[in-house]
Amino acid sequence: MGKSKVGGYCTSADTCDEKLYCDLKDKTDILPHCRETKAAGTACVDNYECISNICKDGKCTDPSIAKMTNNSVATNTVTQKPPVLNALSKVCPLTPVTYQVGDTASIPWIAQCIQGAFKYSLLMGSLLAVLMMIIGGVMYIISGVNPGGVATAKKMITNPLYGLVILLTSYIILNTINPDLVSLNSVSVQSIAPTEDSIPTNGFDNNGSSLPDGTAAVCPNDSQLVSIGDGKRLLQISADGLKRAKDIAVKKGKEIQVVSADRSMAKQQKLWDEALAIYHGDEAQTRKIVAKPSCNSTHVSGNAIDLCLKGTASCGKIKGAYANYTDADVQLLQQIMKEAGALRYCGEWWHFEFGLPNMPARCSP
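The numbering used here puts the sequence shown at residues 19 to 383.
None of these hints come from the bench; they were simulated from the model.
Glycine included, every Cβ here is placed at the ideal spot set by N, Cα and C.
Treat the hints with care, since some could be wrong.
In silico BS3-like links for lysine-lysine, alpha-carbon gap of 25 Å or less [to be verified]: (1) Lys270 - Lys288; (2) Lys269 - Lys310; (3) Lys250 - Lys172; (4) Lys23 - Lys108.
Simulated DEER-style distance windows between Cβ atoms [to be verified]: (5) Asn239 - Gly299: 30 to 36 Å; (6) Leu103 - Leu146: 22 to 28 Å; (7) Asn193 - Glu54: 22 to 28 Å; (8) Gly249 - Gly25: 56 to 62 Å; (9) Leu106 - Leu146: 16 to 22 Å.
From just these sequences and the hints, can you work out the full model?
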C-alpha cells in the first residue's frame with residue numbers, strides 16, 4: 019500500500035509521503051491527515067510539524083541556530099527516538115522528540131498513545147456498529163412474519179446506531195467545550211547540558227597523547243601484537259617493557275594492574291562517537307577528551323598502556339577529573355616505569371608508552 023498524500027489519512031509519520039507529517043492533533047475526522055511540513059518561522063505546536071523537526075516558542079526553528087551553555091560546551095540539537103512498541107505501534111503513533119540541549123524538552127508520547135488509542139477505539143467501534151447493523155438488516159429480511167425475529171433484528175440495527183451516536187456526540191461536545199479535554203498536552207522535561215566532567219574518561223586519551231597530526235603512522239596487524247593476559251595486547255616492544263616494569267614492581271612488593279592496552283580501531287571509534295555525541299559534533303571539544311580514531315592514537319598503535327598499582331586507591335582515579343592526581347602509590351608507579359624505560363603522557367598520570375620518540379607532552383615518569 020502506497021503512502022498517503024497531502025490530506026490523506028494516516029496513523030503515523032511513516033504512513034505519509036515524503037516531506038509530509040501526520041497531524042496527530044487533527045480534529046476534523048476520526049483519523050488524522052497528512053500535512054505539508056512547515057518551514058522555519060511558521061507557527062507550530064509540535065516538533066514533527068517542522069522541516070527542521072524543531073518547534074520552539076510556537077514557531078519552526080532553523081536547526082543551525084545553536085547556543086552555548088555557561089560552561090562553554092556546545093548546545094546543539096538532540097533527537098530522541100521514541101520507545102519501540104512493536105504490536106502497539108499502529109495504535110500509538112509515537113514521533114521522535116527534538117530539543118536544544120539545556121532547554122525544556124516536550125515529550126508527547128503518553129499523550130500520543132492515549133489519543134491514538136481513543137481514535138482507534140472510535141474507528142473500531144464504528145466498524146463494529148456498521149457490521150452489527152448489516153447483520154441486523156439481514157436478520158430482518160429473513161425473519162419474515164416472525165415477530166420475535168423482527169424485534170431482535172430491529173434492536174441489532176438501532177442499538178449500535180445509538181451507541182455510535184453517543185460515542186461521536188460525546189467527542190464533539192468535549193471538543194466544543196474545551197479542545198484540551200480531547201487533546202492531551204506533552205510532558206515538559208528540562209534537559210541538562212553536559213559538562214566536561216560528565217563524560218566518562220576511564221582510559222581515554224586526548225589529542226595530546228596521540229602522535230602529531232600528519233605523522234605517517236601504521237596500524238599494527240594481529241601478528242604484530244602479543245598477548246599480555248586478560249584479552250589485552252601490545253606491540254612486542256611495549257610488552258617487553260611491561261614485563262620489566264612488573265618484575266621491578268615485584269621486587270618492591272607491589273603488583274601492576276593493566277587497565278587498558280591495545281585498542282582496535284572499532285573500539286577507538288566507539289569511544290570517539292560516544293564523546294562526539296555528547297559534545298554534539300564539536301571535534302575540538304571532543305579531542306580534549308578522546309583521541310580521534312587513527313593509527314596516530316598510541317593505544318591503537320599498540321604502544322600505550324594504562325596502569326596502576328593493584329589494590330591502591332589510585333586505581334579508582336583513572337578518569338579525567340583526576341588526570342593530575344598524585345599520591346605515594348602514583349609516585350612509586352611512575353618511578354617503576356621510569357626504571358623500566360617508559361615515557362609518560364603528561365596529561366594523565368596512568369598513561370605510559372614504550373618504543374616511541376620523546377614527543378611533545380611527554381614526561382619522564
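Against the structure, the hints:
no.: 1; hint: Lys270 - Lys288; in the structure: violated (38 Å)
no.: 2; hint: Lys269 - Lys310; in the structure: violated (38 Å)
no.: 3; hint: Lys250 - Lys172; in the structure: violated (80 Å)
no.: 4; hint: Lys23 - Lys108; in the structure: holds (18 Å)
no.: 5; hint: Asn239 - Gly299: 30 to 36 Å; in the structure: holds (32 Å)
no.: 6; hint: Leu103 - Leu146: 22 to 28 Å; in the structure: holds (24 Å)
no.: 7; hint: Asn193 - Glu54: 22 to 28 Å; in the structure: holds (24 Å)
no.: 8; hint: Gly249 - Gly25: 56 to 62 Å; in the structure: holds (59 Å)
no.: 9; hint: Leu106 - Leu146: 16 to 22 Å; in the structure: holds (20 Å)
Consistency note: the structure conflicts with the earlier hints numbered 1, 2 and 3.
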